[in-house]
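*Asks:* Chain residues, written in single-letter form:
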Amino acid sequence: MSKVEFAIIGTGEVPCGIYPHRSEFEIAYRVAKLAIEDAGIDKNEIGAVLNAAHIMGSEFNTEAFFGRLPEAVGAKGCKIVATTVSGGGSSFSIRKTAEGILHSGETDYVLVIHAQRFSQFTANEQINFFAHAGSDLEWEVPYGMTYNALAAMMTQGYMAYTGTTIEQVASVCVACRRWAMLQPNAMFRDKPLTVEDVLKSRMVAYPLTALMCNVLADGGCAYIMTTAEKARKVCSRPVYVLGEASDFSHRSIINLKTKNIDKMYEFYAPIAQKAYARAGLGPKDMDIFEVYGAYPVTSLMFLDSLGIVEPGRSGALVESGETSPGGKYPTSTNGEAMSFGHTGTGVGFSVFVESVRQLQGKSGKAQVEGARFLVENCGGGAFMDAHVTILGNEIPSPVL
Amino acid sequence: MDSNMRETLKQKLKCKDEDFLKPLPVPAPWSKPFWDAAKRHRLILKKCKDCGHIDHPPYLYCTSCSSENCDWIDASGRATLYAYAVNEYGVPFAFIEDLPYVLALVDLPEGPRMISNIVGCDPKELRNGMELEVVFDDVSAEVSLPKWKPVLK
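Residue numbers (the numbering used here), protein chains in the order written: chain A, 1 to 400; chain B, 1 to 153.
A couple of the hints might just be wrong.
Stated by the list, open to error - Capping the alpha-carbon separation at 20 Å, the derived lysine to any residue pairs in SDA-like fashion look like this:
#1 K39/B x P27/B
#2 K14/B x I127/A
#3 K200/A x E88/B
#4 K12/B x K200/A
#5 K14/B x F129/A
#6 K259/A x P112/B
#7 K22/B x N124/A
#8 K14/B x F121/A
#9 K259/A x K200/A
#10 K14/B x E125/A
#11 K12/B x E125/A
#12 K259/A x K39/B
#13 K259/A x K12/B
#14 K12/B x K284/A
#15 K274/A x A316/A
#16 K284/A x F248/A
#17 K76/A x F121/A
Claimed, not checked - Examples of chain B residues toward chain A, derived with CB under 8 Å:
#18 L13
#19 V26
#20 D98
Stated by the list, open to error - Label pairs and their in silico Cβ distance ranges:
#21 D74/B x P325/A: 52 to 62 Å
#22 M1/A x H41/B: 53 to 63 Å
#23 N260/A x S67/B: 22 to 32 Å
Hints listed in this document are in silico derivations from the structure and should not be mistaken for laboratory results.
This one's a predicted model, so the numbers in the text were calculated from it and none came from an experiment.
Built from N, CA and C at the ideal position, the CB exists for glycine as well.
Please build the complete structure, drawing on both the sequences and the hints.
*Replies:* This is the structure we're talking about:
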């Protein structure tokens with residue numbers, strides 16, 4: 001069991017969706033203010049302002065690199081500014097950066113910001129960018145590779161080798177939608193979804209239909225991180241980082257460490273086990289499973305790895321409704337990329353911020369009553385890496 | 001591509017003529033032998049002379065032992081289909097006229113896995129584990145892409 005050193009004390013978020021007139025600067029400033037207010041701290045006590053790169057590059061990145069965010073937020077005591085990015089794993093790598101800064105003793109408060117506005121780019125620009133994000137320019141893109149095709153190949157392989165049905169794959173989208181309908185900031189919060197709807201939607205990359213593919217959107221969120229010691233003094237309900245673990249596999253999907261798509265748990269499960277062990281907890285202690293999949297198949301692969309179901313049987317678990325609101329294994333409670341909306345590096349941030357809200361009892365209609373501990377994951381690129389975090393609103397005994 | 005379709009897309013989606021150009025591999029010094037061989041319709045792989053590891057994609061030095069003492073070997077030209085997808089919608093403009101087309105993970109008996117297209121086959125006939133053989137698509141005067149087709153029994 002590791003010493004509990006860090007905690008999150010406040011979060012801020014804006015609605016996710018297509019908001020072309022809301023700039024990424026406005027998103028960043030707004031979510032920062034909300035997070036500072038939620039944490040109840042003096043903005044001038046923030047000693048570091050970190051942000052995740054705005055994916056596809058833009059003026060925002062240049063401005064962030066050179067200090068626009070602490071100036072605009074009015075963080076007069078800021079000493080350190082940095083942009084961190086590792087694709088969909090950014091929410092984790094930025095947190096490790098924040099932990100390093102807090103560990104150094106330079107400051108007690110780090111403000112972490114994510115802002116993204118995809119709607120400023122054309123559909124073709126987005127398709128091209130994501131083809132390159134998920135695929136190798138030299139070896140894959142010349143073949144017409146796309147991100148959806150990557151997820152489709154993984155889905156096809158997973159189904160073929162585990163016997164998971166396409167209805168079970170679709171049921172992940174349905175479960176996400178049920179959660180999103182309880183979330184005021186979710187992009188798809190108004191329209192219920194059935195397995196039939198998902199299967200009948202336009203075929204994009206067989207076996208993936210349109211409703212199995214996430215939708216790029218505009219949004220952002222922020223949080224305040226501090227030391228566990230400080231958190232106890234300034235916050236009535238801090239959320240502690242109890243255990244974390246990571247691993248990296250590859251750049252190109254052809255060099256996937258596990259080789260077998262149906263056995264992704266061979267890569268993911270040891271990471272989860274390490275995170276559980278560091279927290280001194282196990283799967284049975286988890287009240288929520290904040291899975292970041294971005295595509296249904298990835299969610300199934302993670303559920304296969306978290307110790308709650310026999311690997312390869314996650315499709316049946318989701319189909320049973322047990323991961324939906326009211327189920328035994330509440331999963332992806334903000335609706336995740338598929339129904340909350342995909343904000344580039346921000347999906348992991350929105351899942352993380354929702355994790356904190358759940359443990360602070362601030363998730364409104366989506367609140368899982370009495371939640372104490374949860375497991376959260378993220379990862380980026382073409383399934384390149386995975387990071388698992390155990391969070392809790394209490395430190396499990398023995399208290400260190 | 002049909003010129004009317006291209007004009008419609010240009011107007012509707014505000015894209016430019018260059019958006020319809022197919023992306024081609026730009027070889028690095030360490031991968032150039034692969035593409036030079038592909039141009040001659042030969043499939044070769046980079047093999048370390050010291051530890052025997054085959055790297056695909058090839059890099060500057062062996063990713064297993066860091067040796068720069070490497071050879072290029074002829075691949076058998078055979079593979080098996082591991083998993084696949086059929087792109088039907090939402091692809092870069094340059095690939096719209098190819099729709100639907102198959103992307104696949106193919107396993108070479110030499111060890112590496114590759115991403116490529118499966119050609120010469122109705123996507124409905126695809127089966128995980130089916131045997132494939134390499135074919136070369138001369139996509140430009142300079143570039144040939146190795147692709148795969150099912151072996152006829």
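*Asks:* Hint by hint, where does the structure go against what was stated? Just the numbers, ascending.
*Replies:* 4, 9, 12, 13, 14, 15, 16 and 17
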